[in-house]
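Undergrad: The whole structure should be built from the sequences, with the hints applied where relevant.
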Amino acid sequence: MSRPENTDIVRQFTVGHDDEGVRLDRWFKRHLPQVGFAMVSRWARTGQIRVDGKRADVDTRLTAGQTLRVPPGGEQQPGVRAARPRRELTEEEIERADAMVLTQDRAAIVLNKPPGLATQGGSGMKEHVDGLLDAYADKGPRPRLVHRLDKDTSGVLLVARTPGSAAFFSKRFSGRSAKKIYWALVVGVPSINDGMIELPIGKQPGTGGEKMYVDEEGGQSARTRYRVLDRAGNRAAWVELHPLTGRTHQLRVHMAAIGHPIVGDGKYGGQEAFLSGTISRKMHLHARRLIIEHPDGAPLDVTAPLPEHFANSMESLGFDEADGAELPESAPEFTKDDEKRAAKAHAKQYRKERRGERRSRRDGASERPGSRGKPSGKSAGKPGGKPAGPRKATGKPGLGKTGPGKAGPGKTGPGKPAGARKPSGPRKPSGPGGSRPSAPRGKR
3 MSRPENTDIV RQFTVGHDDE GVRLDRWFKR HLPQVGFAMV SRWARTGQIR VDGKRADVDT
63 RLTAGQTLRV PPGGEQQPGV RAARPRRELT EEEIERADAM VLTQDRAAIV LNKPPGLATQ
123 GGSGMKEHVD GLLDAYADKG PRPRLVHRLD KDTSGVLLVA RTPGSAAFFS KRFSGRSAKK
183 IYWALVVGVP SINDGMIELP IGKQPGTGGE KMYVDEEGGQ SARTRYRVLD RAGNRAAWVE
243 LHPLTGRTHQ LRVHMAAIGH PIVGDGKYGG QEAFLSGTIS RKMHLHARRL IIEHPDGAPL
303 DVTAPLPEHF ANSMESLGFD EADGAELPES APEFTKDDEK RAAKAHAKQY RKERRGERRS
363 RRDGASERPG SRGKPSGKSA GKPGGKPAGP RKATGKPGLG KTGPGKAGPG KTGPGKPAGA
423 RKPSGPRKPS GPGGSRPSAP RGKR
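Just so we're aligned, residue 3 is where the sequence shown starts under our numbering, counting upward by one.
For the record, the hints were derived by calculation from the structure and aren't laboratory data. Keep in mind that the hints are not guaranteed to be accurate.
What follows is a set of in silico ranges between Cβ atoms, one per label pair, in the way DEER data are often shown [said to hold, decoys possible]:
| hint | residue 1 | residue 2 | range |
| --- | --- | --- | --- |
| 1 | Gln206 | Arg89 | 20 to 26 Å |
| 2 | Thr280 | Met127 | 29 to 35 Å |
| 3 | Glu97 | Glu274 | 22 to 28 Å |
| 4 | Arg89 | Gly49 | 18 to 24 Å |
In silico PhoX-like cross-links for lysine-lysine, where the CA-CA straight-line distance does not exceed 20 Å [stated by the list, open to error]:
| hint | residue 1 | residue 2 |
| --- | --- | --- |
| 5 | Lys213 | Lys269 |
| 6 | Lys128 | Lys56 |
| 7 | Lys56 | Lys153 |
Just so you know, even glycine gets a beta-carbon here, dropped at the ideal spot from N, CA and C.
TA: As structure tokens, then:
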């Protein structure tokens, strides 16, 4: 954008490529922040602002190459926020920033974020990617974050180099046209090899918004496609994850919800998320690949190498990176039989949770002083007889088979599980176009 030096006369600016499609009021906020919105509105209303000689409103979208006529005035007003000063980086910080770069051009910088480095700063957090972006600024505008990765998640992180490309990429992420592929190591092996998880996610009460959970009542819809790439017996599996929505901690919550937490994710998997032996205790979730439309027209397709701890764990478990491939384009078919299996599995899981709640209440009541009466439930058995043992599990909760394939542990037969009852009614639809249950589904 070209601009005049003298502000006492009518000024003319040429709209740059980075401001393609930007609203007129946003243009002023970027380039003339000392001019408030009220002043811009007044100028537009009285015809003092012209775009290619024509009157313009505050919501007019600008096109690169247009001439913008601005009246004199607009000096710095009290209380107007000044432009953000650039922070002086140390040599070590500059080297760290340069080491993360996978590729860059005039519109984007693609980084391979290491685990343990936050994307943005927070309370008491001094080191983060956002604090290193001045290393890429040179003499141009400061680059901007357009999406985020969790602190302990590694991999592809796209940074927009200009305000115009930031708006372009942000629209692709919010519109879900960007394709994100993650690799993860999980505890155990999902019994469905290629499936979909549809479980709503919300903020867990009492955690200050720091932790999420599956919230069937008020959670936001969340969908994750996954595929088992390899397995190490029944100990662990290497999975490929494709989030179709972008909820906070979505992949971590979903994998823990189906009983296979991500290795090293103690927040959602507890102690069960850690494997013994030589497997690192760091989280094994990596943003492996990003495919997104570029402002130049051609797709931007970037793959990030694994961090050291992830690569070492892969080797220890006998997994070969060469076996990893992109997710199939088409989702696995979901038949009526699959719906029945998923509903039955969900009902079974619900009964299991309710039994746990009743047991907790019963145990709490029996510990109260002066409590009388025999314990409720069926676990006591008949006097003098054989105690009732635990009911045999018939498969993993929420999993259903849809076709031929390699069977994982916990495969169930076609018969109805002992003690099972029909669900009380159909599940609430998880999204437009159907009434599918939100349990995982796909191919075994």
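Undergrad: State for each hint whether it applies.
TA: Do the hints match the structure? See the list:
1. Gln206 <-> Arg89: 20 to 26 Å: 35 Å, violated
2. Thr280 <-> Met127: 29 to 35 Å: 30 Å, holds
3. Glu97 <-> Glu274: 22 to 28 Å: 39 Å, violated
4. Arg89 <-> Gly49: 18 to 24 Å: Since arginine 89 and glycine 49 have Cβ atoms about 42 Å apart, the given range 18 to 24 Å is violated.
5. Lys213 <-> Lys269: 8 Å, holds
6. Lys128 <-> Lys56: 48 Å, violated
7. Lys56 <-> Lys153: It is violated: about 49 Å lies between the C-alpha atoms, which goes past 20 Å.
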